[in-house]
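Since the structure of chain A is provided, determine the placement of chains B and C on it from the hints.
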Amino acid sequence: MNQFFTVDVLTVTVASGIALATPFLLAALGETIGQRSGVINLGVDGIMLLAAFATYYTALQTGNLLFAIMAGAGTGTIMGMITALVSVTLKAEQGISGIGIYLFGLGFSALLFQKLVGTPLPIATLPPVGIPLLDEIPVVGGMFFKQSVLVYLAFLLVPIVAFVLNRTTYGLKIKAVGENPAAADSLGVSVARIRWSTVMLGCTFAGLAGASLLMYGGIFQVNLTQSEGFIAVALVYFGAWRPVGVMGGSLLYGLVGVVILTWKSLGIIPLSASDLAATAPAVITVLALLFLARRFRQPAALGRPYEREG
Amino acid sequence: MSGTESDEPMRATVAGGRVDLGRFLLSWFAVPSALIIALLLGAVMMLALGANPLTGYSALVTGAFGGSYALSSTAIQAVPLLLVGVGICIAFRANVFNIGGEGQIAMGGLAGSATALALPNLPSLVMIPLVLLAGAAGGAIWGAIPGVFKAKYNVNEILSTIMLNLVAVQVMNYLLAGPMVDQSPDSVGGLIPETKLLPPNSLLPILVKGTQLHLGVPIAVIVAICVYFLLWRTSFGFQIRSVGLSRNASAYAGMPVKRTITLAMTLSGAMCGLAGAILVFGSISHRMVTDGSLTGFTGSAGFNGIVVALFGGLNPLWTIVSAFFFGGLIVGGSSLQVATGVPSDLVTALSGIVVVLVVSLEYLRRRARAQSIALGGPRAASPPRRPHQDPPLAVKGGGDR
Amino acid sequence: MHRHLDRKLSLILPAVLVALVAASCGGSSTPAPASPAPSPSVAAAASPAPSPSAPAAASSEPSPSAAAATTLKVALVAPSAVNDLAFTQSMVEALNSLKAKYNLEIAVSDNQFVVATAANVIQNYASQGYNLIIAHGSQYGSTIQQLAPQFPNVSFAWGTAGSTYNLPNVFAYQANSNEGGYVQGAMAALLSKSKVLGVIGPIAVGDAKLYVDGFCAGAKFVEASISCIPVYTGSFSDVSLMATAATTFVANKADVLTGTAQAVVGAIGVAKSHNLPWFGTQWTQVSLAPSNVVSSQVYNWAPILEQILTEIQGGKLGGATFTATLGNGGEQIQFNPGFNLPAAVKAKADELIKGITEGSVNVPQ
Chain A
1 MNQFFTVDVL
11 TVTVASGIAL
21 ATPFLLAALG
31 ETIGQRSGVI
41 NLGVDGIMLL
51 AAFATYYTAL
61 QTGNLLFAIM
71 AGAGTGTIMG
81 MITALVSVTL
91 KAEQGISGIG
101 IYLFGLGFSA
111 LLFQKLVGTP
121 LPIATLPPVG
131 IPLLDEIPVV
141 GGMFFKQSVL
151 VYLAFLLVPI
161 VAFVLNRTTY
171 GLKIKAVGEN
181 PAAADSLGVS
191 VARIRWSTVM
201 LGCTFAGLAG
211 ASLLMYGGIF
221 QVNLTQSEGF
231 IAVALVYFGA
241 WRPVGVMGGS
251 LLYGLVGVVI
261 LTWKSLGIIP
271 LSASDLAATA
281 PAVITVLALL
291 FLARRFRQPA
301 ALGRPYEREG
Chain B
1 MSGTESDEPM
11 RATVAGGRVD
21 LGRFLLSWFA
31 VPSALIIALL
41 LGAVMMLALG
51 ANPLTGYSAL
61 VTGAFGGSYA
71 LSSTAIQAVP
81 LLLVGVGICI
91 AFRANVFNIG
101 GEGQIAMGGL
111 AGSATALALP
121 NLPSLVMIPL
131 VLLAGAAGGA
141 IWGAIPGVFK
151 AKYNVNEILS
161 TIMLNLVAVQ
171 VMNYLLAGPM
181 VDQSPDSVGG
191 LIPETKLLPP
201 NSLLPILVKG
211 TQLHLGVPIA
221 VIVAICVYFL
231 LWRTSFGFQI
241 RSVGLSRNAS
251 AYAGMPVKRT
261 ITLAMTLSGA
271 MCGLAGAILV
281 FGSISHRMVT
291 DGSLTGFTGS
301 AGFNGIVVAL
311 FGGLNPLWTI
321 VSAFFFGGLI
331 VGGSSLQVAT
341 GVPSDLVTAL
351 SGIVVVLVVS
361 LEYLRRRARA
371 QSIALGGPRA
381 ASPPRRPHQD
391 PPLAVKGGGD
401 R
Chain C
1 MHRHLDRKLS
11 LILPAVLVAL
21 VAASCGGSST
31 PAPASPAPSP
41 SVAAAASPAP
51 SPSAPAAASS
61 EPSPSAAAAT
71 TLKVALVAPS
81 AVNDLAFTQS
91 MVEALNSLKA
101 KYNLEIAVSD
111 NQFVVATAAN
121 VIQNYASQGY
131 NLIIAHGSQY
141 GSTIQQLAPQ
151 FPNVSFAWGT
161 AGSTYNLPNV
171 FAYQANSNEG
181 GYVQGAMAAL
191 LSKSKVLGVI
201 GPIAVGDAKL
211 YVDGFCAGAK
221 FVEASISCIP
231 VYTGSFSDVS
241 LMATAATTFV
251 ANKADVLTGT
261 AQAVVGAIGV
271 AKSHNLPWFG
281 TQWTQVSLAP
291 SNVVSSQVYN
301 WAPILEQILT
311 EIQGGKLGGA
321 TFTATLGNGG
331 EQIQFNPGFN
341 LPAAVKAKAD
351 ELIKGITEGS
361 VNVPQ
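Residue numbers (the numbering used here), protein chains in the order written: chain A, 1 to 310; chain B, 1 to 401; chain C, 1 to 365.
Pulled out of the complex, with its shape left as it was, chain A reads as follows:
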């Protein structure tokens, strides 16, 4: 255990945990925005897969990582439009339509990958970028300030989203639409317009999440996300629909995963316990929620399509 508590190991552990948490955080933030406005999107995983493939394919064809990330985010936006059309305009049952989109994303990304990409080649991944000055702080600098730009973006989005939700009129409208759409409607807020915007925004975030996941490994595979998108949705509940809570949940999940791997590599966790140790992130997340026992309520109109009566 002494080996674990060395500066080098701890630095890498925390830094890796942050990097591993990033795709979860991005997807969960997007889902939070959507859910605060009353729309639940279970198709996040499918959107992440489509975006990851788009990112990968664009990077393969153009070699330009910026274009690739934009392609990923753009895929998310397009899927957001479809999701919004189905969930908001056509008022479909959101749980079902989300799973339908997941199945579509899973199948279509696999199909495109197998048919468009012959032998998979890795793409150049995003290099870690140090923030000048900050990254020279002993210990902490290496942990937090030597990450790829997508990681910085994800964590920057946390206070931004929190600010928008809590301090802007737009955020107010989002929350109103999520809690009591009829009242918001009577006050002149266009419920449909707000929900369209949150869903598209949320799905764009999911697209970024897919791009960041791809950048992590540098190559696409069928079902790359391994249902991470659903974990991201679960983390929204963990975070009580608050960006900071969601960030906490993502970090917890990512860090525990990395710690387990580190302990395995140091021999702290013996081989016989390897399988059971891999359950740690899930168990700890549930236990954490159990003990925190927060009583935050979900948005009252969550999952209910809104139809103006009269």
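I should point out that these hints are in silico values taken from the structure, not numbers from a laboratory. For glycine and all other residues, C-beta sits at the position ideal for the given N, C-alpha and C. Some clues are possibly wrong.
[Unchecked claim] Okay, derived cross-link-like pairs now, DSSO-like style, lysine-lysine, Cα gap no bigger than 27 Å in a straight line: (1) A:K115 x C:K99; (2) A:K146 x C:K193; (3) C:K253 x C:K272.
[Claimed, not checked] Short derived list, chain A residues pointing at chain C, Cβ under 8 Å: (4) S16; (5) L213; (6) G267.
[Stated by the list, open to error] To be clear about the criterion: a stretch of chain A counts as covered by chain B if any three or more of its residues have a C-beta under 8 Å from a C-beta of chain B, and this derived list gives those stretches: (7) 98-112; (8) 194-208; (9) 278-291.
The following block gives chains B and C in isolation, referenced to the frame of chain A:
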């Protein structure tokens, strides 16, 4: 189906509906139109991939429904979908979103296998019901945990069931490579997670010679019918549906809400566990075996079962049909792949499109029906079940749905 | 409420209609295998080398042309994608390389990771008159054990495994991946300055465990005090976990990495970005990290396949186990010319390969 009448909240009524030709056409042709659109999209995709859609679709349908062997394969594929779907019917009706089907199936398979291996010499008549019950029990436990967490600690079940799936896969790998692995010298236990060969008395007998159609199929159908009666003909079923429609109203009426929720999740898990046991004891391989992932054992039944249930309108009887249909899609997908070289992922993508289209067109049909509803406000026009809403009791502003 | 009733009926009705129409149109023909060759006789005519005119093993369908060319219908069922740069790809490539020589009609069902579905696929192939069905995955074994007796005229080849279940129509094949692992482990120990090696695996079963154990044994043989602790991430397909595992190794001063499973591409990416040497297995992974891959233990199934095909042509459908080793060409250490390997290390590797081949070096199981 009489059972679905109680979907409507008790205070809304449907004032006479004169049969309107427009509405009639819409409601009868909306869903088929969705299917046709999906088929066309699939054909376009196949053409883009250089395959002949006619060959592809005919292979799909033939592989799924063409002949007794295909039909039996479809039926067998439908069994876990049906059982999981029935479990979802119970859970959703109680407003609990059980996404833990995959883990519950695995736990059921493990429990059933362990029982059979521990008591190998029992006669079939005792053994088979025993292992199936053991499987149900294993799944029930795995469903009870999130049920208790939700009822007592208000831990959202989407979170806990997803997390328990992650735990289940590791438990499965640990058991199948460790305590439950096949140790016989001639085996490859230790090479791949699998159990010893299951005692022959525990295997589900095949009903139709020349096919793989086993006892699990009628068992699943009977269970579905029983659950239908449970939900609509017993007071417990009434409690489940009532709690699902309104926790507060049910509590005021004196129903044990927390216990009902826990029991609903437990039953839901039990259904999945039973599916796992049938998967094991009806398998061609006569062992519980996987490649290290949950999906390798379940075939994503824990997940597809949700879609199946929703397509069956959360009614176990219709879920039978829906499961058969989806089972056919899956079986046909393999044939499609073999016939055209198009990966069966196309079928997955198409099934997603079908789901989205059908569910989207539902709105238009509802709109067409809305004219006939005399009373009631927003509630009467919207589908009654919203599995994600469960305001904790007596929270100000949370209120009734 | 009839809402549900009519929704369901309107779902079933068209489905049934479509089914009836399509079944009547296409029902008479059984689904054709997805083989690139349009028809057996055409393939025979197009094959450059004259195919041996040995009678094919008893197949339920008569050979199309009685002349020199008898086609062998071979089906391959594999758990991952044909282009996975690992397990499945190695078999697909080997099979394709023999197509002309043995006049094969090949059908491939890949991504069959659901064991129950794979069982159906195998059963379908068997009942469609395939001569040889290759079940390329240890998890298919129990299925083969049950199905082979039902199809005594079909030959089943199962790998990786060492048992034929004493069935007359089952061949088994396996790879002693610990041999190549041993050699590469020794090389890694020599290359490592920090004396810490990073080894990443999916789950401690099968081929993965065999390779990993051999690797660490070889490393310790060269350098007894070296640190070679394997990390099993718990999943064959989670790329991020493998990448993360590799990163934690790097933090622990590991300066040579290796790993196995289809998700290992994540770890290779980490090796690449930290510019560390990488040892690969199952298939050549040079394309993923052209200047970092030192060598790959490549499975060459062709010699084993040839033996199996020859036996089938001779009328023997099973009962033998084949092992790919360094000695018989089933495994090859392919050195990457793009990596600057010190001559001393290469010499040691060659010495070990020779020793293993001759039997003088004993690789622990």
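Outcome of the hint check:
1. For the hint linking K115 (chain A) to K99 (chain C), the alpha-carbon distance of about 23 Å falls within 27 Å, and the restraint holds.
2. Only pairs whose Cα atoms come within 27 Å are accepted, and K146 (chain A) paired with K193 (chain C) is accepted, the gap being roughly 26 Å.
3. Using a Cα cut-off of 27 Å, the hinted pair K253 (chain C) and K272 (chain C) holds, with the two alpha carbons roughly 15 Å apart.
4. Nearest Cβ of chain C to the Cβ of S16 (chain A): about 5 Å, under the 8 Å cut. The hint holds.
5. Taken as an interface hint, L213 (chain A) checks out: its beta carbon lies about 7 Å from the nearest beta carbon of chain C, inside 8 Å.
6. Annotation: interface hint on G267 (chain A) holds; nearest CB of chain C at approximately 5 Å, less than 8 Å.
7. Look at the region 98-112 of chain A against chain B: 12 of its residues bring a Cβ nearer than 8 Å to a Cβ of that chain, three or more, so the hint holds.
8. Counting residues of the region 194-208 of chain A whose CB lies closer than 8 Å to any CB of chain B gives 0, so the stated coverage by that chain is violated, three being the minimum.
9. For the region 278-291 of chain A, the stated coverage by chain B is satisfied: 9 residues place a CB nearer than 8 Å to a CB of that chain, which reaches the threshold of 3.
This entry does not satisfy hint 8, going by the numbered hints stated previously; all others are met.
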